[in-house]
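Asker: Listed below, chain by chain, are the residues.
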Amino acid sequence: MDIELVQKDAYRWEVPRTGRMSVPGLIFSDDVMIEDILRDRGPVQVANVATLPGILTHSLAMPDMHWGYGFPIGGVAAFDKKNGVISPGGVGYDINCGVRLFRTELEHGRIKKKLEELVMELFRAIPSGVGSKGRLRLSEKDERNVLLKGARWAVEQGMGSEEDLVRTEDGGTMEGADPGFLSERALSRGRDQLGTLGSGNHFLEIGVVDEIYDDRIARVFGLFESGVVVQIHSGSRGLGYQVCDDSLKIMGRVTLREGIDIPDRQLACAPITSSEGREYFSAMACAANYAWANRQAMLHWTREVFMRVLSMSPVDLKMNMVYDVCHNIAKFERHMVDGKEREVCVHRKGATRSLPSGHPLVPEPYRDVGQPILIPGDMGTASYVLAGTDVALAETFASTCHGAGRVLSRKAAKQAAKGRAIARELEDQGILVMAAGKSSLAEEMPEAYKDVDRVVAAVEGAGLSRKVARLRPIGVIKG
Amino acid sequence: MGSWELLDHTADVRLFVRGDDVSDFFRTAAVALAELMIGPTLPAAVEHVTVRAEGEGYEELLVDWLRELLYLFSGEGKIAVEHDIIELDRAGLAARCGCAAFDPERMSVSTDIKAITYHDLRVIEDDRGVSAHIVCDV
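Protein sequences, first through last, are from chains A and B. Residue numbers for the first sequence follow the working numbering, beginning at -19 and rising by one. Residue numbers for the second sequence follow the working numbering, beginning at 465 and rising by one.
Because the hints were derived from the structure by calculation, they are not lab data. Just so it is clear, CB atoms sit at the ideal spot from N, CA and C, and this is done for glycine as well. One or more hints might be untrue.
DSS-like mimics (lysine-lysine), calculated; alpha carbons at most 30 Å apart, straight line [to be verified]:
{"no.": "1", "chain 1": "A", "residue 1": "61", "chain 2": "B", "residue 2": "542"}
{"no.": "2", "chain 1": "A", "residue 1": "298", "chain 2": "A", "residue 2": "61"}
{"no.": "3", "chain 1": "A", "residue 1": "93", "chain 2": "B", "residue 2": "542"}
Here are a few chain B residues that face chain A, going by a calculated C-beta distance under 10 Å [claimed, not checked]:
{"no.": "4", "residue": "539"}
{"no.": "5", "residue": "576"}
{"no.": "6", "residue": "599"}
According to the in silico footprint, chain B covers these stretches of chain A (three or more CB under 8 Å from chain B) [what the hints assert, rightly or not]:
{"no.": "7", "stretch": "162 to 172"}
{"no.": "8", "stretch": "439 to 450"}
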């Protein structure tokens, strides 16, 4: 397929409707990043998604987009609830991979001498790395409750408070979860991994607020310059992957049965109203809840470590939630389509929800300023906090980017890292890193990723989100 | 005798696997997975399990086969190091696999394979044997 993009403005490129596409594609980018996107064949994937039944308005892609399985990563697609499809490829393998940000009353200077101890204690308290087992071994009954209740389960076990849930997307509990739809394999993988960080590009990072772009919103979010914050990037672990694997197998058969003609078998899907469609959604919701329970547990242990190492009380530390977002998910939401409100199934794969001020789903404390959006840079680079906008609600089913994508393969990154001590280089920049895996540091080095500053500038330029603050890492633990 | 090699890929891991015939191809793909996960020196088998896979066509069958082996590792901590294929056609496969237990004290994971994908997957049968490119999510 030869795609000719039509540039609409400085940040928008249209993929014209051709062939079997029912809607055009819309790619958000800038002049520089669009070249990478074209090279990566991303627009072909955007066009492929536009052929799926029931897709509404546009097949969308964010500036950090890159090639993925079926759907591009950085892709957003909304389907009509009655005649549309739901697709595991539009959610991603790591269901509810997401980001949680929490803040403290501490200023950078206050923890400088204790940073090494904090990083070491966090590394000890929160298992990371391939196949790591968690501190929470779940019974069948416990696991069922985790899958049903998500972050609320963790709070009920004493790992946090109601306030944490208010400042979590969906309150940390996705409705419609049914553990009965999970395979024995998914359940078995979930039993021992709760409370683990994961591997690859997952991390827990101590950072400082480097720059404030919007004083008013930053204050409402609890952020101030030089303030110490903690960010967690993690997902649903082996359980989520197993749910995706199990579902893809089933969806392959359903796609054939329903006579859905797909240009790429990884776009396997089922009608939303079919039993398989409903079962996938339920299983996905379970995995989403698992990830939220996981991030809530890790928040709790981070609080414990900080209080212990710094000998501070919770009242003085005020390690409070800023927000928690998912960036691999499918959700039922109400959106305006052709002037009428309807219920749609929005798939965000490597994309974050972006709701404006006044929207009822924005937590009450933030309703005047808009939903916080957390954009993690990768290891050793800046992260951003943004706020949602009306433009996103109107144009992208309330969606924006999720972070920076890779530009160097793991092999190339390892090659580029030969003879270099990445940990030492990061330390020279003032970033302390502890990694559980040997090769992961080289694979995850900053040059391996796109420029998150550019990605954020593009979404702001397009009006999809507004910058609130930039964060700089000072301590990182990863698998 | 089959062979495999690791190719370059931006976000994931891409393998090229070739076998002398279909059976050799499936066996080599399994060996590739094991060596990719824990390195070129595979431990000795301590138990045997029968692994079954199904699919409509060799592509689906290959993905199901490798997924079963991946599950043995990720879900049960076992690495299949020997693969004796006893039944194989375009709809199903059965193999008697010699497995070693993954011991985190003595072994480490070289590549964290999280899933087997269908990306660019076509099993090609020609006069050089049977081959395919396989992309794994890491």
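Asker: Would you pick out the hints that fail for this structure and give their numbers low to high?
Answerer: Structure breaks hints 1, 2, 3 and 8.
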